[in-house]
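Listed here are the chains, written in short residue letters.
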Amino acid sequence: MEKGAPRSCDISSLRLTIAKENDIDRCLEWFCSYTQCNYAVYHLGRSRSHITDSPYVRTNYPASWVQRYLLRNYVEIDPVVQRGFNSAFPFYWDELKIVSSQEVEFFQDAMAHNTGMSGFSIPLCDKANRRALFSLSSEYPPQLLRKKLNGIIPELIEAAGFIHQKVIADTFFGEPSGVSLSPREIECLSWVACGKDSTSISIILGLSDHTVRDYLKSARFKLGCATIAQAIHKATVSGILENSSHNPLK
Amino acid sequence: MFVTIETHEQPENLDLIDRMYRLRAKVFGSELGWDVSVVNGREADYYDRCNPVYLIWTDAGKRELYGSVRLLPTTGPTLLYDVFHDTFPGELSLSAPGIWEGTRLCVNEDAFAHRMPQVGKKTAFCLMLLALCETALKNHIHTLISNFEPPTRRLYRAAGAPLQELGSSDGYGRRPVCAGLFPVDKRTLDQMRSAIGVESTLLVADINDRLRSVMRAAA
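Chains as they are written, first to last, in the working numbering: chain A, 1 to 250; chain B, 1001 to 1219.
To be clear, the hints were calculated from the coordinates, so they are not data collected in a lab.
Careful, some of the hints might be misleading.
The calculated lysine-lysine pairs, modelled on DSBU-like cross-linking and capped at a C-alpha distance of 35 Å, are [what the hints assert, rightly or not]:
#1 B:K1138 with A:K148
#2 B:K1186 with A:K97
#3 A:K20 with B:K1138
#4 A:K127 with B:K1062
#5 B:K1026 with B:K1062
Restraint-style ranges between C-beta atoms, simulated for each label pair [claimed, not checked]:
#6 A:E105 with B:K1138: 32 to 40 Å
#7 A:V57 with B:D1015: 33 to 41 Å
#8 B:S1030 with A:I77: 43 to 51 Å
Computed footprint of chain A on chain B, listed as stretches where at least three residues anywhere in the stretch have a Cβ under 8 Å from a Cβ of chain A [to be verified]:
#9 1021-1029
#10 1090-1097
A quick note: this is a predicted structure, and the numbers were derived from the prediction, not measured.
C-beta: ideal position from N, C-alpha, C; glycine also.
With the rest of the complex left out, here is chain B (with noise of 0.2 Å):
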């Protein structure tokens, strides 16, 4: 299931939240290289103090963690603006209620091949990308920018999101990190349940009934 955490939540979600750091920490610092501090495993940063929004897939028992997302208003201190303004002080520069910032996208590939082997890498990222949009959605935000690798483009583009690329930097990790932004409305919607194969909403219940549709999909 997908649940959002906000800071008010945490108290009663602490080891959701200390296995996300410690999956950011796998993922940012060791398994891409990004200039991120990861401290006794864990990476944290300014922004997780910024009252952000997390979106994580886990189980019924909140005790796998299969994926997650931060969030945050791009009224408030955002990662990507702060990070990119010099290197792209007109394109990351939106400011407005409705629009957000999605950053620290990752999903657990020890967590699918121990319990989910039949969901592989791509399947679970753009399911990721759907429930990032239906949690948009929900919350009156029709704007979502994210930072991330050339090679994710393509996951993207699987999972139906249209993405408008706004640049990419150098001296972050190393590779270059691009940025993008991608509207989030019916038609996004619509377009990326289609193009996974999804049909009804990823937000409620178990979706274990869900994913054996889309394996059928993607078979």
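Chain A with its partners taken away, still in its complex shape (with noise of 0.2 Å):
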């Protein structure tokens, strides 16, 4: 745990501590301060056939777990691994099916390390097609996780995509290849820019009030901002919003 890292936090702010940190092993710990969880997980898989083939992980599970888990080989049985990379939805631990048993060992083996009890798992996909996993886990029962965490799922999936976009852009590939948006979300953050409500917007665009905010949403995602505010700051340093023929004031 960071020093000086509150052991719990407002959840709405956890966006913005994740958007705006860019060291990926400190926003695990910011996950795990915000939720009061143990240990988190960031799990690159390096394509799609091939998950489990020299994956880029990033974890602050103890030093002892993490070389055990490499030295057997865990990755190959452990059923949070073959789960994650083949779903979509997000799931706790205790749905999984336990069936054979090597991975009865494996979760003693996980028990006997003190690696929790529960956990919650988050597959995340870019346009790329690159698949992740994004992982949480806690020494509280399987029930109490659900109730920690159930209120907060939104906001959890949103940080864990902020984590991918970091990794692919800073610690991955390099440097961001550029973030494109599209006609539309250049106009409504536009308009956002000159005070308008997405009310308002959504009277001058002709669209409903939710289409004006899924496009917002989809701005700030696509920029890796927490806010709006944020989104339009980085869009206008940028140059996305001075230099666009979308951009209504122009």
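Each of the two chains sits in its own frame; use the hints to bring them together as a complex.
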């Protein structure tokens, strides 16, 4: 646990914290602080057919467990990984069907290393069809973990998505290749920058309020921002708004 | 009953998945004449290999297929983004958690004719949409993007789904194909339930009792 990190924070600022934190390991610590979970793992599969082929993994699990996991090649057995790279909805680990004796032994070994009694995983993907899995594990009994996380799952999914973007952009593939916003997204952002709310924009563009909010959310997420204000700042600084012919004020 | 099948659940549902591919070949290939690839009487594409979630309407023994739809998160590869990209670069580029696409929505008219003749195509389609709405709500999806043929508009309306049309494209099949989105929230769910005449959830247990009440409401 990071020194000085609060044990429990207002979950609505998890996104904000993760969006501005560029160090992946610190992101994992923040996740643990906010959710009061013990450990977090980000696991990027190298390709869909070979999820276990020298994957990119970041975690704050104890080094002894990570070493053992690698040594025993548990990635081939780990039911969380097997399911996580073959699903799209997030899942709690108590939903996993543990059938083989290998799987039972794996979980017994994990328990013996105090990795927690319960867990929650979020499958992630991007437009290039890169797959990743973000997981939290906890010493809480499964039912208590559900109680803690159930109300904040959308927040967790989005924040985990930011981690994936950071790994892809900063750590793994060098500099970000440049975010491309669609004309509609640029239009909506530009109107917010002029002080219009989504209801006014929906009237101007002849769309529903909900649709406008979807374009704004999509623009914000593509820019890796936690708030619309940040998204406008980032789009302005990077010239996306200024240079676009879809900016209604141009 | 309605079930969702993710990639990791496909091995124990191979027969249903195969029936779905065959139904899609019949509906989208033969009936609607869409430009889809049909091999051995089955329609499947790249997006079926991108970890989709299928929402399937089947019987308790999982032997009959009544309908299906394919769900994909817009953060990953999606059919509508790719297919409509040239025609509508602005409209269909939505990509964020909570925004998903639903494609290849179809119902099996033959199965209804044989097993549930009281359920017409319109009712079947509306119930598929309602089950889709419930599935979305349950899985933190707040917006569904979908494609449909122009005549299908009236079915969305009959189902009470507040459809926002985003555009339509020619050159996809015999007729133009439209794309639209609908918001998924408690309000949409209530609106759809009252439009269709269903009072409680479709996602659990046997829906035959509810179907009877739907039929009464429709009569």
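Here is how each hint holds up against the structure:
A threshold of 35 Å between alpha carbons decides the hint, and for B:K1138 with A:K148 the separation of about 17 Å falls inside it, so the pair holds. A C-alpha spacing of about 32 Å is found between B:K1186 and A:K97, which places the hinted pair at or below 35 Å, so the restraint holds. With a C-alpha separation of about 30 Å, the suggested pair A:K20 and B:K1138 falls inside the 35 Å cut-off, and the hint holds. Taking the CA atoms of A:K127 and B:K1062, the gap is near 33 Å; set against the 35 Å cutoff, the hint holds.
At roughly 20 Å between alpha-carbon atoms, B:K1026 and B:K1062 fall within 35 Å of each other, so this suggested pair holds. In this structure, A:E105 and B:K1138 meet the distance hint of 32 to 40 Å, their C-beta atoms being roughly 34 Å apart. The hinted window of 33 to 41 Å between A:V57 and B:D1015 holds, with their beta carbons roughly 37 Å apart. Distance hint check: the CB atoms of B:S1030 and A:I77 are about 44 Å apart, consistent with the given range 43 to 51 Å.
A stretch counts as covered by a chain when three or more of its residues have a beta carbon under 8 Å from one of that chain; for the region 1021-1029 of chain B and chain A the count is 0, and the coverage is violated. For the region 1090-1097 of chain B, the proposed coverage by chain A is satisfied: 7 residues have a C-beta within less than 8 Å of a C-beta in that chain, meeting the threshold of three.
Comparing the model with each numbered hint stated earlier shows that hint 9 is the single one that does not hold.
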